[in-house]
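In case you want the letters, here they are:
There are 2 protein chains.
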Amino acid sequence: MNKINYENLNYDIKIKIYHDQKDFGPGVAKIMELIRETGTLSEAYRAMEMSSSKAWKIIKKAEKDLGIKLIDTVTGGAGGGKSTLTKEGEDFLDRYISFSNELENIAKELFNKHFSCDIINKR
Amino acid sequence: MNKINYENLNYDIKIKIYHDQKDFGPGVAKIMELIRETGTLSEAYRAMEMSSSKAWKIIKKAEKDLGIKLIDTVTGGAGGGKSTLTKEGEDFLDRYISFSNELENIAKELFNKHFSCDIINKR
Chain S
1 MNKINYENLN YDIKIKIYHD QKDFGPGVAK IMELIRETGT LSEAYRAMEM SSSKAWKIIK
61 KAEKDLGIKL IDTVTGGAGG GKSTLTKEGE DFLDRYISFS NELENIAKEL FNKHFSCDII
121 NKR
Chain U
1001 MNKINYENLN YDIKIKIYHD QKDFGPGVAK IMELIRETGT LSEAYRAMEM SSSKAWKIIK
1061 KAEKDLGIKL IDTVTGGAGG GKSTLTKEGE DFLDRYISFS NELENIAKEL FNKHFSCDII
1121 NKR
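In order, the protein sequence lines correspond to chains S and U. In terms of this note's numbering, the first sequence has 94 at position 94, counting the first letter as 1, and numbering is strictly consecutive. Residues are numbered in this note's numbering as their position in the second sequence, beginning at 1, plus a constant of 1000.
These are computed hints drawn from the structure, not numbers from a lab. Bear in mind the structure is a predicted one, so any value in this text is a computation, not a measurement. Treat the hints with care, as some may be off.
What the hints assert, rightly or not - Sample of chain U residues at the chain S side, in silico, Cβ under 10 Å:
1. Tyr1018
2. Lys1022
3. Glu1049
4. Gly1067
5. Lys1082
6. Thr1084
7. Phe1092
8. Asp1094
9. Arg1095
10. Ser1098
11. Leu1110
12. His1114
Think of the CB as a built atom: it goes at the ideal place given N, C-alpha and C, for glycine as much as any other residue.
Sequences are here, hints too, so could you generate the full structure?
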């Protein structure tokens, strides 16, 4: 273990939005995006390889902290349960995605600035 | 649970730098900063209300993933154990702090842009 290999270095940024408890983050956002695409919670948590109870738990915690309902679910019926985002959930998710995307783009530049091989090799 | 209260909303950004495993993040960075300030690992993990074994575990994992030694420790001696950052550790920590600070400053602006009450109330 001597000199760091800056060439294959990666970064990861996890963004949470909250009032008191950091419960709304990439996990809930991803579930919501999948619900928007597929119309069901079960498709969403299966795609994320998450259990139904875990998915519900993190959604409920985020809803509690934010003080809004994020997801509407109609259980049963001919085609099984159906989930949609609430109006407030749609709005909140859109803001989270815009904020995240803009920050990720800037992070990429900043990461190259602070961790690029070129800069390091010139030292 | 109806309309979200955007006024007291907060954000949190967690940055990790890694090769394969996301092991270097705010926790290890904080321990390293405290070691730089205090010269001992024990002061560092006490200040973070962390056990010695937990502190060592997260340091070792980060060192393994990054492929460099971050911390040098001399155990025992007259005044007890002493820890310092290695040259590579100093350099890496400085880059992490600069990257984080710059990103945090931009995040603040972007958060206000996407989640400010003014914008939301105008809708």
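Hint check, Gly1067 of chain U versus chain S [nearest Cβ-Cβ separation less than 10 Å]: holds, 6 Å
Proposed interface contact between Thr1084 of chain U and chain S, which counts if any beta carbon pair is under 10 Å: With a closest approach of 16 Å, the Thr1084 of chain U hint is violated.
Given hint Lys1082 of chain U near chain S, where the shortest CB pair must fall under 10 Å: It is violated, given that the least Cβ distance between Lys1082 of chain U and chain S is near 20 Å, above 10 Å.
Closest C-beta approach of Tyr1018 of chain U to chain S relative to 10 Å, hint status: holds, 6 Å
Chain S contact restraint on Arg1095 of chain U - CB to CB distance below 10 Å: holds, 5 Å
Minimum beta-carbon distance criterion (10 Å), Phe1092 of chain U to chain S: holds, 6 Å
Status of the Lys1022 of chain U interface restraint (C-beta, 10 Å, chain S): holds, 5 Å
Restraint satisfaction for Ser1098 of chain U [CB to CB of chain S, less than 10 Å]: Interface hint status for Ser1098 of chain U: holds (5 Å vs cutoff 10 Å).
Chain S contact restraint on Glu1049 of chain U - CB to CB distance below 10 Å: Not OK, violated: Glu1049 of chain U not within 10 Å of chain S, min 18 Å.
Hint validity - Asp1094 of chain U Cβ closer than 10 Å to any chain S Cβ: holds, 9 Å
Restraint outcome when His1114 of chain U is required to lie within 10 Å of chain S by C-beta distance: Holds: closest Cβ of chain S sits about 4 Å from His1114 of chain U, inside 10 Å.
Chain S contact restraint for Leu1110 of chain U - C-beta distance below 10 Å: For Leu1110 of chain U, the interface hint holds, since the closest Cβ of chain S sits about 5 Å away, which is under 10 Å.
Of the hints listed earlier, those the structure fails to meet are numbers 3, 5, 6, in rising order.
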